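Engineer: Under our numbering, the first residue of the sequence shown is numbered 19, with each subsequent residue one higher.
Check the hints yourself; a few may be wrong.
[What the hints assert, rightly or not] Dumping the calculated SDA-like pairs for lysine to any residue here, alpha-carbon to alpha-carbon at most 20 Å: (1) K38 / K234; (2) K182 / R120; (3) K104 / T143; (4) K57 / R23; (5) K197 / Q261; (6) K199 / Y267; (7) K209 / N163; (8) K117 / T181; (9) K57 / V98; (10) K24 / E51; (11) K38 / T66; (12) K198 / Q261; (13) K92 / F22; (14) K117 / K217; (15) K234 / Y267; (16) K276 / V235; (17) K284 / T250; (18) K209 / Q146; (19) K191 / P131; (20) K197 / N163.
[Unchecked claim] Distance ranges between label pairs, derived from CB positions: (21) N225 / K91: 43 to 49 Å; (22) K198 / G56: 40 to 46 Å; (23) G178 / T272: 29 to 35 Å; (24) K183 / L148: 26 to 32 Å; (25) N214 / P55: 45 to 51 Å; (26) H118 / K240: 21 to 27 Å.
Honestly, the hints are just simulated from the structure, not real lab data.
These numbers come from a predicted model, not from an experiment.
Using N, Cα and C, we set each Cβ at its ideal position, and we do this for glycine too.
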Amino acid sequence: MTSFRKAYHLKQRISKTMLKKRGIHGVGVGLKEPGKPGKGAAVIVYATPAAATAGMRKPKTTHTRQPLPTIAKKISGVPVRVVRSKGFKKNSSSGNFTKHIRPVIAGYSIGRPEESGTAGLIVSTDPQGLDQYILSNNHVLVNNNSSRTSVTIQPGGADGGTTKKDLVGYMSKFVKLHKKKNNYIDAAITKPLSRNLVKPRYAVYGNVPGHITSYKVGDQFKKVGRTSGVVTGTVESIHTDIQVNYGDYGNLGTITFKNQSIIRGKGPVSLPGTLAPSGSRKKVIKPLPSISQAQITAFYPSLTPLTGS
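Between the sequences and the hints, there should be enough to build the whole structure, so can you do that?
Structural biologist: Rendered as structure tokens:
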């Protein structure tokens, strides 16, 4: 039986090379057989359906495109499980939680005049919760991945919000996304114009009872998102390196994120909830860019999720 440590070390060794292959867009660590932890760990490879089945048929000769890779069932004695997926992209479609709401709470539409996403959490930089911010994504709150002044409106512009009537604050801090370097989190915070414009509550669920500092494969999560609505999912893989398509935002194209967690459910499941895969309507695979206290404090050492009262 393969340990998670051994699978992780193999993933670290092969991920960079694997992600260069056509049709492969994620490499992580998970269970050899879903729901059966007793069977041990495996390297999880997220690949297009064509790439996932390439090793089962004779490859076609082509002079114009890189051939689809053959994915071994074992590498250095570690099992490899292939998950079919059509790729990851930043999300921009509309959803159910798009109305104007005051005070602003987590789960509803937020953004810029030309973009909408999800207000992931109301957070603070002090233990008393006096200095409050709205946590969301870089591509939701930031002006084209730059430090230029960026207004924050609720709802976001894609949901009918305008600066004139819906301004709630200004982007305060963000993690810059890189085209040629590894990325670890897509995150930004907005400072509201006044404290009474926000409230540390979560749509549908109300007060959040606390926060977590770690989680494992098989743990279940639920969330509310502007695009996805109310959804649940299970952690399928961790330490997953993925490629995400940002299109023309910041002239980024497809970029690499290291050490993400993948959530499998019937709908997109992530926090703040704005990255989504393209393709499958039945079972959707999701990167989880910012769910834990550990990840939040890596972004801003004194940032704390507020639980409400």
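Engineer: Now look at each hint and say whether the structure bears it out.
Structural biologist: How the hints compare with the structure:
1. With a C-alpha separation of about 27 Å, the suggested pairing of K38 with K234 is violated against the 20 Å cut-off.
2. Of the supplied pair hints, the one linking K182 and R120 holds, its CA atoms being roughly 16 Å apart against a limit of 20 Å.
3. At roughly 38 Å between alpha-carbon atoms, K104 and T143 are farther apart than 20 Å, so this suggested pair is violated.
4. For the suggested pair K57 and R23, the alpha carbons sit about 15 Å apart, so the restraint of at most 20 Å is met.
5. Restraint check: the Cα-Cα separation between K197 and Q261 comes to about 11 Å, which is no more than 20 Å; the hinted pair holds.
6. Using a Cα cut-off of 20 Å, the hinted pair K199 and Y267 holds, with the two alpha carbons roughly 16 Å apart.
7. Taking the CA atoms of K209 and N163, the gap is about 18 Å. The hint holds against a cut of 20 Å.
8. Between K117 and T181, the direct Cα distance comes to roughly 15 Å. Compliance with the 20 Å bound is thereby established for this hinted pair.
9. Proximity of K57 to V98 is assessed by CA-CA distance (about 13 Å); at most 20 Å being required, the pair is judged to hold.
10. For the suggested pair K24 and E51, the alpha carbons sit about 16 Å apart, so the restraint of at most 20 Å is met.
11. Distance check on the hinted pair: K38 and T66 sit about 14 Å apart at the alpha-carbon level, within 20 Å; holds.
12. Our distance criterion of 20 Å between C-alpha atoms is met by K198 and Q261, whose separation comes to about 12 Å.
13. For the given pair, K92 sits about 15 Å from F22 by alpha-carbon distance, which is consistent with the 20 Å threshold.
14. The hinted pair formed by K117 and K217 meets the criterion: a straight-line CA distance of about 16 Å does not exceed 20 Å.
15. At roughly 32 Å between alpha-carbon atoms, K234 and Y267 are farther apart than 20 Å, so this suggested pair is violated.
16. For the hint linking K276 to V235, the alpha-carbon distance of about 17 Å falls within 20 Å, and the restraint holds.
17. Among the hinted pairs, K284 with T250 is consistent with the structure: their alpha-carbon atoms are about 8 Å apart, no more than 20 Å.
18. The hinted pair formed by K209 and Q146 meets the criterion: a straight-line CA distance of about 17 Å does not exceed 20 Å.
19. Simply put, K191 and P131 have alpha-carbon atoms about 18 Å apart, close enough for the 20 Å limit, and the pair holds.
20. Straight-line distance between C-alpha atoms of K197 and N163 comes to about 11 Å, which keeps the hinted pair within the 20 Å bound.
21. Distance hint check for N225 and K91: the Cβ-Cβ separation is about 47 Å, which falls inside the suggested range of 43 to 49 Å.
22. Taking 40 to 46 Å as the suggested C-beta distance range, the pair K198 and G56 conforms, at roughly 42 Å.
23. Taking 29 to 35 Å as the suggested C-beta distance range, the pair G178 and T272 conforms, at roughly 30 Å.
24. The beta-carbon spacing between K183 and L148, approximately 28 Å, falls within the hinted interval of 26 to 32 Å.
25. Remark: the range hint 45 to 51 Å for N214 to P55 is upheld by a beta-carbon distance near 47 Å.
26. Between H118 and K240 the beta carbons are some 25 Å apart, a value that agrees with the proposed interval 21 to 27 Å.
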